[in-house]
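Participant: Spelled out, the chains give:
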Amino acid sequence: MTKRLSGVYAAYLVFAVIFFGPVLFMLWSSLRNNVDITGSLFNLASPLTLDNFTNLFERFEFGRYIANSLIVAGGSTILGLVLGAPAAYVIVRRKLATLGFVTLLARMAPGVLFVLPLFVLSIRIGGPDSVALNYTLLIVAHLIITLPLCIWLLVPFFEEIPISIEESTLIDGANAWQRFRRIALPLALPGLSVALTLSFVFSWNYFLFALALANERTLPLTVIAFNFIGQGSNDFGGLMAASTLISAPALLLTIFAQRWLVRGITGGAVK
Amino acid sequence: MTKPPAASGSSSGEPGAGAPPPRRRRVDPTARGVWPFALPAVLVTAVLVLVPIAYTIWLSVSDRQSDGTNSGFLGFANYAEMFGNPQFWNSLKVTLFLFVVCLLVETVLGLALGYVMSLDVPGRRIFQGMMLIPAITASVAVGLVWLLIMDPSLGAANQILAKVGIDPVVWLGDPDIAPWSIALVDIWQWTPFMALIISAGIRSLPEEPFEAAALDGASGWRTAWNIGLPLLRPVLTVAMLLRTVDLVRFFDTIYIMTQGGPVNSTNTLNVYGYHAGFVDNEPSYAATLQIALLVLVIVIAGVFTWFRQRAAR
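Going down the list, the protein sequences come from chains A and B.
The numbers in this note's numbering rise by one with no breaks, and the one at position 91 of the first sequence is 91.
The numbers in this note's numbering rise by one with no breaks, and the one at position 130 of the second sequence is 130.
Hints are not guaranteed to be accurate.
[Unchecked claim] Some chain A residues close to chain B (C-beta under 8 Å, calculated; not the full set):
(1) 20
(2) 22
(3) 26
(4) 251
[Stated by the list, open to error] Derived DEER-like restraints, expressed as beta-carbon distance ranges:
(5) A:82 with B:32: 20 to 26 Å
(6) A:3 with B:309: 41 to 47 Å
(7) B:204 with A:167: 30 to 36 Å
(8) A:126 with B:85: 29 to 35 Å
[To be verified] Covered by chain B, according to a simulated footprint, are these stretches of chain A (three or more residues, beta-carbon under 8 Å):
(9) 173–185
(10) 236–246
Calculated directly from the structure, the hints in this document are not laboratory data.
All residues carry an ideal CB built from backbone N, CA and C; glycine is no exception.
Please model the entire structure based on the sequences and the hints provided.
Facilitator: Spelled out as C-alpha cells, the structure:
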C-alpha cells in the first residue's frame with residue numbers, strides 16, 4: 001500500500017513540475033531582478049524584491065488599469081447576474097432547455113465575430129472618443145461571457161429549492177415576482193455568490209473584446225500587459241509582475257472556491 | 001469560454017431521448033406568471049448574439065470599405081476571394097494542424113493525468129487545485145510567461161536545454177518550429193482541464209465490472225483498455241468536444257505570442273480574421289472569414305455530437 005502511495009506521489013511531483021512549474025516561475029520571477037531572471041535561472045538564493053510591482057504602479061500607472069479591469073469585469077458581472085438570475089429561475093420553473101441553444105451559439109461563435117459588429121457600432125456612436133460610452137460598450141461586450149455563465153451556474157441552485165416551499169406561499173396569494181424575490185432568490189444566495197465570483201474572473205481574464213474596443217483611457221490590465229510586449233520591453237520582471245496581477249483573481253479563486261471552479265470551467269460537464 | 005455544449009446535448013444526447021417515459025405533464029402552479037422574468041435576458045441575448053451574427057453575414061455578402069461606406073449587396077464575391085486566396089488555405093491548414101495535434105496530445109496526456117487525479121490519496125484536493133491553475137489563468141498571463149520561457153537567448157527553456165547539453169532552440173522565430181511551440185503552450189494550458197473532466201468521469205464509474213475483471217485475473221492495462229475506456233467514452237467525448245470548439249477558434253495565446261508569425265506559420269483562421277478586420281481594415285473580408293470559421297466550428301462540433309449520439313444508442 002505504501003508502495004502504491006509513493007507511486008502516486010511520484011506522479012504528483014512530475015505533473016506538478018510540468019503544470020505548476022511555469023506558474024511558480026512567474027510568481028518567483030515577479031519578485032526578482034531582471035539580471036537574476038535572465039542570468040542565473042537556477043539561483044534560488046538570489047535576492048527577492050517588490051521593485052517590479054512598485055515600478056508598475058509608479059511608472060506605468062497600473063492602478064488606473066486595475067480600476068478599468070474592475071469596472072468592466074464588475075459591471076458585466078452585475079449585469080449578468082441581474083439579467084441571468086430571473087432567467088435561470090424561469091428555465092427551472094418552466095423546465096426549458098431550449099434557451100440553451102442561443103447561449104450555445106455564444107459558446108461556439110468565434111469572439112471576432114462579435115467584435116466586428118460591435119466595432120462598427122462603436123465607431124458610429126462615437127465609442128472611441130467617449131470614455132463613458134467605451135466603458136458601456138466593453139461591459140455589454142463582456143455580457144456575452146458573463147450572462148450565459150451566470151444562467152448556467154444558477155440553474156442547479158434554483159433546481160434545489162423544493163417546490164413545496166413556494167407552493168405554500170401560493171395560499172397567501174403571493175404573485176410570481178414576490179415568490180421569486182422573497183423565496184427563491186434568498187434560497188439561491190450561495191449560487192449567486194458562486195456566479196458572481198466565477199463570472200468576475202472570466203470577465204477579468206477576457207482579452208479579445210478590450211483589445212479591439214478599448215480606448216486609451218479604458219484599457220484594462222490584460223491589454224496593457226499585451227501592449228508592453230509590443231513595445232519590445234525587455235523588462236521581464238515587470239512583465240511577470242503584471243502577469244501576477246492579472247492572475248491574482250484566478251489564483252485566489254482556486255484557493256478559496258475550488259469546488260465551484262471545477263463546475264465553472266467545465267461548464268456543467270462535471271457535476 | 002464556459003458555455004457548455006451540453007445545453008442542447010442534454011435534451012437530445014441522452015440515451016432513449018426518442019422515447020421519453022410516459023410522464024404526465026403536471027402544470028406546476030409555481031410556474032405560472034414567471035415568463036416575463038426571462039424577457040430581459042432573452043432580449044439581451046438575442047441582441048448580443050443573433051444580431052451580430054446576422055450583421056456579420058450581411059457584411060460578408062456586401063462590400064464595406066474601411067471608411068465606413070458600404071456599396072451594397074455583392075453576392076458571393078468575398079467568398080470567391082477567400083477561396084482564391086492562398087492565405088486562407090494556409091490558415092485553414094494551420095488551424096487544423098493545431099486542432100489535431102493539441103486534441104490528440106491533450107486527450108492522451110489528459111487520460112494519464114486524469115487517472116492520477118482520480119485516485120483517493122491524502123492531498124488529492126491540493127493537487128487538483130494546482131492542476132486547475134493553468135486553465136483558469138488569463139491567457140495574457142500564460143502568453144507572457146511562455147514568451148519569457150521560450151525567449152531564444154535568455155529563456156528558461158533554452159537554459160535548461162543547455163544544462164543537458166542540447167543546442168538552443170528558436171522556439172518562436174522559426175516557421176517550422178513555431179506551430180509546435182504554440183501547440184506546446186496550449187497543451188500545457190488545457191491538458192489539466194481535460195484531466196479534470198476525465199478524473200470526475202473515472203470517479204463516477206461503476207465498480208462491478210472492474211471487480212469482475214480482477215476476479216478473472218485480467219491485468220490492469222487490459223482492464224483499463226477493455227472496460228475503463230469504453231465506459232469512459234461519453235465523458236471523453238464531452239471533454240473533446242469542449243476542446244474542439246476552442247481549438248478551432250484558437251486565438252488568444254497565438255495573438256499574444258506570435259501574432260500569427262513567423263511567415264504566417266501560426267496564422268490560424270481566427271488570427272487571420274482579426275488581422276483582416278482590425279489591421280488590414282477589410283471588414284467585409286474579415287466577416288467572410290468569421291462566417292467560414294463559424295461554419296467550420298459547427299461542422300466539426302456537429303460531427304462530434306453525431307458520433308456521441310450514435311455511440312449512446
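Participant: A separate judgement is required for each hint: does it hold in the structure or not?
Facilitator: Quick rundown of the hints versus the structure:
1. 20: Given a least distance of 5 Å, the restraint on residue 20 of chain A holds.
2. 22: 5 Å, holds
3. 26: With a minimum Cβ separation of about 5 Å from chain B (threshold 8 Å), the hint on residue 26 of chain A holds.
4. 251: 7 Å, holds
5. A:82 with B:32: 20 to 26 Å: 23 Å, holds
6. A:3 with B:309: 41 to 47 Å: Once the Cβ atoms are compared, 44 Å apart, the range 41 to 47 Å for residue 309 of chain B and residue 3 of chain A holds.
7. B:204 with A:167: 30 to 36 Å: 33 Å, holds
8. A:126 with B:85: 29 to 35 Å: 34 Å, holds
9. 173–185: holds (count 5)
10. 236–246: With 7 residues in contact (Cβ-Cβ under 8 Å with chain B), the coverage given for the region 236–246 of chain A holds.
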